[in-house]
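Residues per chain, in single letters:
There are 2 protein chains.
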Amino acid sequence: MLALSAVLRRQQFLIRALGVGGSHGGISHHRTMQAVKCMSGTSLEADADSILRAITPTLDRSRHKGQAGKVAVVGGCREYTGAPYFAAISALKIGADLSHVFCTKDAAPVIKSYSPELIVHPVLEESYSVSDLGDEDRRQITSEILAEVDKWMERFDCMVIGPGLGRDPFLLECVSKIMKHARESNVPIVIDGDGLFLVTNSIDLISGYPLAVLTPNVNEYKRLVQKVLSSDIDDQDAHEQVLSLAKRIGGVTILRKGKSDIISDGEIVQSVSIYGSPRRCGGQGDILSGSVAVFLSWARQLISATEGNFTISPTNPTMLGCIAGSALLRKAASLAFENKKRSTLTTDIIEYLGRSLEDICPAS
Amino acid sequence: MLALSAVLRRQQFLIRALGVGGSHGGISHHRTMQAVKCMSGTSLEADADSILRAITPTLDRSRHKGQAGKVAVVGGCREYTGAPYFAAISALKIGADLSHVFCTKDAAPVIKSYSPELIVHPVLEESYSVSDLGDEDRRQITSEILAEVDKWMERFDCMVIGPGLGRDPFLLECVSKIMKHARESNVPIVIDGDGLFLVTNSIDLISGYPLAVLTPNVNEYKRLVQKVLSSDIDDQDAHEQVLSLAKRIGGVTILRKGKSDIISDGEIVQSVSIYGSPRRCGGQGDILSGSVAVFLSWARQLISATEGNFTISPTNPTMLGCIAGSALLRKAASLAFENKKRSTLTTDIIEYLGRSLEDICPAS
Numbered sequence: 001m002l003a004l005s006a007v008l009r010r011q012q013f014l015i016r017a018l019g020v021g022g023s024h025g026g027i028s029h030h031r032t033m034q035a036v037k038c039m040s041g042t043s044l045e046a047d048a049d050s051i052l053r054a055i056t057p058t059l060d061r062s063r064h065k066g067q068a069g070k071v072a073v074v075g076g077c078r079e080y081t082g083a084p085y086f087a088a089i090s091a092l093k094i095g096a097d098l099s100h101v102f103c104t105k106d107a108a109p110v111i112k113s114y115s116p117e118l119i120v121h122p123v124l125e126e127s128y129s130v131s132d133l134g135d136e137d138r139r140q141i142t143s144e145i146l147a148e149v150d151k152w153m154e155r156f157d158c159m160v161i162g163p164g165l166g167r168d169p170f171l172l173e174c175v176s177k178i179m180k181h182a183r184e185s186n187v188p189i190v191i192d193g194d195g196l197f198l199v200t201n202s203i204d205l206i207s208g209y210p211l212a213v214l215t216p217n218v219n220e221y222k223r224l225v226q227k228v229l230s231s232d233i234d235d236q237d238a239h240e241q242v243l244s245l246a247k248r249i250g251g252v253t254i255l256r257k258g259k260s261d262i263i264s265d266g267e268i269v270q271s272v273s274i275y276g277s278p279r280r281c282g283g284q285g286d287i288l289s290g291s292v293a294v295f296l297s298w299a300r301q302l303i304s305a306t307e308g309n310f311t312i313s314p315t316n317p318t319m320l321g322c323i324a325g326s327a328l329l330r331k332a333a334s335l336a337f338e339n340k341k342r343s344t345l346t347t348d349i350i351e352y353l354g355r356s357l358e359d360i361c362p363a364s
Numbered sequence: 001m002l003a004l005s006a007v008l009r010r011q012q013f014l015i016r017a018l019g020v021g022g023s024h025g026g027i028s029h030h031r032t033m034q035a036v037k038c039m040s041g042t043s044l045e046a047d048a049d050s051i052l053r054a055i056t057p058t059l060d061r062s063r064h065k066g067q068a069g070k071v072a073v074v075g076g077c078r079e080y081t082g083a084p085y086f087a088a089i090s091a092l093k094i095g096a097d098l099s100h101v102f103c104t105k106d107a108a109p110v111i112k113s114y115s116p117e118l119i120v121h122p123v124l125e126e127s128y129s130v131s132d133l134g135d136e137d138r139r140q141i142t143s144e145i146l147a148e149v150d151k152w153m154e155r156f157d158c159m160v161i162g163p164g165l166g167r168d169p170f171l172l173e174c175v176s177k178i179m180k181h182a183r184e185s186n187v188p189i190v191i192d193g194d195g196l197f198l199v200t201n202s203i204d205l206i207s208g209y210p211l212a213v214l215t216p217n218v219n220e221y222k223r224l225v226q227k228v229l230s231s232d233i234d235d236q237d238a239h240e241q242v243l244s245l246a247k248r249i250g251g252v253t254i255l256r257k258g259k260s261d262i263i264s265d266g267e268i269v270q271s272v273s274i275y276g277s278p279r280r281c282g283g284q285g286d287i288l289s290g291s292v293a294v295f296l297s298w299a300r301q302l303i304s305a306t307e308g309n310f311t312i313s314p315t316n317p318t319m320l321g322c323i324a325g326s327a328l329l330r331k332a333a334s335l336a337f338e339n340k341k342r343s344t345l346t347t348d349i350i351e352y353l354g355r356s357l358e359d360i361c362p363a364s
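Chains as they are written, first to last, in UniProt numbering: chain E, 1 to 364; chain U, 1 to 364.
The set of hints was computed from the structure by calculation and includes no laboratory data. It cannot be assumed that every hint is accurate.
Stated by the list, open to error - No more than 20 Å apart at the CA atoms, straight line, and that leaves these computed lysine to aspartate or glutamate pairs for EDC-like:
hint : chain 1 : residue 1 : chain 2 : residue 2
1    : U       : Lys177    : U       : Glu154
2    : E       : Lys177    : E       : Glu144
3    : U       : Lys112    : E       : Asp106
4    : E       : Lys65     : U       : Asp235
5    : U       : Lys112    : E       : Glu117
6    : U       : Lys259    : U       : Glu45
7    : U       : Lys105    : E       : Asp106
8    : U       : Lys259    : U       : Asp235
9    : E       : Lys177    : E       : Asp137
10   : U       : Lys259    : E       : Asp60
11   : E       : Lys222    : E       : Asp235
12   : U       : Lys247    : U       : Asp235
13   : U       : Lys259    : U       : Asp49
14   : U       : Lys177    : U       : Asp204
15   : U       : Lys227    : U       : Asp204
Chain E extracted, bound-state conformation (with noise of 0.2 Å):
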């Protein structure tokens, strides 16, 4: 189906590159070999930690407010409200300076309601608000709408496009709009939840952007490698298809969640297997979105400021914000299960973000 050759000799050098995962410094052929055959096991496990440690940024004095990292959420309608929040208030708890989101009216005062934290702004419409109107009032409602975003457009670090958005078309086809509008301004967008229904319909809107972040979960990735790869999910390369998948969509960044977290960018894959929690309430994602916003942006703030002598493998930001992300949560999803047990919410687990990070790379 693809040609993985090249893509596997890069992964080679990578393997030999990384440092990270142990000493791969004087890797034979043979062992090579071994280790792309062991693309499905263990020996593509990222070292979360360093890349931890290495993308968080230290905190100091000179510092000002929105050099942490300024991320958006686009999602909540009228059905959907916890999505967003945990998404945006992740974020922040992680620790990014401000954390918006972009939603319809209605979902707008419950979502303020969570936290005083967040800033939110009831800018989308559904359907139903716009029923009455003819099709110019509507496309005048959508280029109001995007100019609302645009405004701030250019400040944000990320977006996250997705969490509790719904699959209104009218709203659909504008969030299409905004991740355009993203993509010209080179903003990374990270797609989760009802932002993957609508690129998986849509997959141009994100193909050949290395800056886009797609977290399926198994279903959503089974909708994906359907339309995308014209095949079912393969669990026994699981590896090879992800990276196959990304590569194909022209570069874009797979998290695809499940018992271990695989992750690719076309170019590379790796794992995450930390163990998380046993618990399956309904938000976790929310949170994964929420964090790979912040360590993508933090990844990629100090690639920019180390101007190539960026000495950590991989080199991509998004593959660090998907490993960085993808680890946190996990182990936060554990310290709040040893707390919680079975009573475990998505809430408890966010409460634990902080700490997760703390123990990894301490504040002071």
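Chain E is fixed; fit chain U onto it per the hints.
Using the frame of chain E, we list chain U on its own:
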């Protein structure tokens, strides 16, 4: 640019009179000149602890509701609700008896939902809610809003204008009138956030009003300096510039937020440099504005009660309020950060306001 000699002579006198910063009693001409030269250094560091102890009222059984302060926050619109909440709840957590919020109709239910402790008045209107009305109807609405605020005005010890106000033209016009009424009633006003946007463009609103306090961050300060002094930020002579700016606006008090907070009323300049926290999450400025409002009220009460036998320096209640508010926020931020590290949010800092004040001047 500004003939500072008279100002510096007074400053020189005040350094001698200070007493709070060390033993400047027998200060020689030589040492005075040094102190003046050190204006950008630490020699003008306020003795914030002494000030906090001096102006915080003792609590006793005979006191009745309202004596410890009644403050009002004017802010909160469709987009922003967290900021006015932070300012208003901070006032209560420090020890004020009553805290009001005047906001738009949209914002009120959300702000109310953050805390049952606040009195929230849904009185302000934004342009979109008056867009169908003619000039006469708009004037009518404006006068109704003013009448509603005026009913309360004279009960307030201080008003905070700006947190989460937004920049809607109709709303800002209305708030200009509220400021004029506050000034006519001799109610002190602390101006932050979008309130600073308003007064920077209409400096007459506060020019020459000694009970006005402006609390600009670096960007807001820059705009103010450009507008009023027609120059750029001068970091070399930061203290002198704040002093010049305050003097040029007719003796309002300016608290320039930064690594050190620099505070001047055009007569004297002081710094607060106690280390706070390296977290720069949004909302800390709102805590500051609410805190300054309470301390300013307490300082004014004390000065009025002692009828001139007031031994604390500086003697201007707005200066005292700013020094106390700045110091307390920094102490609370430091305690919150010690506990919550990177995940420290504004609500965490608010939770430490009480303990920070208790550490300095125990309630009993």
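Now for the hints, and whether the structure bears them out:
Distance restraint check for Lys177 of chain U and Glu154 of chain U: the Cα-Cα separation of roughly 15 Å lies within the 20 Å cut-off, and the hinted pair is therefore satisfied. Simply put, Lys177 of chain E and Glu144 of chain E have alpha-carbon atoms about 12 Å apart, close enough for the 20 Å limit, and the pair holds. The suggested pairing of Lys112 of chain U with Asp106 of chain E holds, with an alpha-carbon distance near 17 Å, which does not exceed 20 Å. Proximity of Lys65 of chain E to Asp235 of chain U is assessed by CA-CA distance (about 18 Å); at most 20 Å being required, the pair is judged to hold.
Taking the CA atoms of Lys112 of chain U and Glu117 of chain E, the gap is near 15 Å; set against the 20 Å cutoff, the hint holds. Of the pairs offered as hints, the one joining Lys259 of chain U and Glu45 of chain U holds, with about 13 Å between alpha carbons and a cut-off of 20 Å not exceeded. Distance restraint check for Lys105 of chain U and Asp106 of chain E: the Cα-Cα separation of roughly 15 Å lies within the 20 Å cut-off, and the hinted pair is therefore satisfied. Distance hint between Lys259 of chain U and Asp235 of chain U is fulfilled; the C-alpha atoms sit about 12 Å from each other, no more than 20 Å.
The suggested pairing of Lys177 of chain E with Asp137 of chain E holds, with an alpha-carbon distance near 17 Å, which does not exceed 20 Å. Restraint check: the Cα-Cα separation between Lys259 of chain U and Asp60 of chain E comes to about 11 Å, which is no more than 20 Å; the hinted pair holds. The suggested pairing of Lys222 of chain E with Asp235 of chain E holds, with an alpha-carbon distance near 11 Å, which does not exceed 20 Å. Between the alpha carbons of Lys247 of chain U and Asp235 of chain U the distance comes to roughly 18 Å, so the proposed pair stays at or under 20 Å and holds.
At most 20 Å may separate the alpha-carbon atoms for a hinted pair to count; Lys259 of chain U and Asp49 of chain U meet this at roughly 19 Å. A C-alpha spacing of about 12 Å is found between Lys177 of chain U and Asp204 of chain U, which places the hinted pair at or below 20 Å, so the restraint holds. A C-alpha spacing of about 12 Å is found between Lys227 of chain U and Asp204 of chain U, which places the hinted pair at or below 20 Å, so the restraint holds.
In summary, the structure agrees with every hint in the numbered list given earlier.
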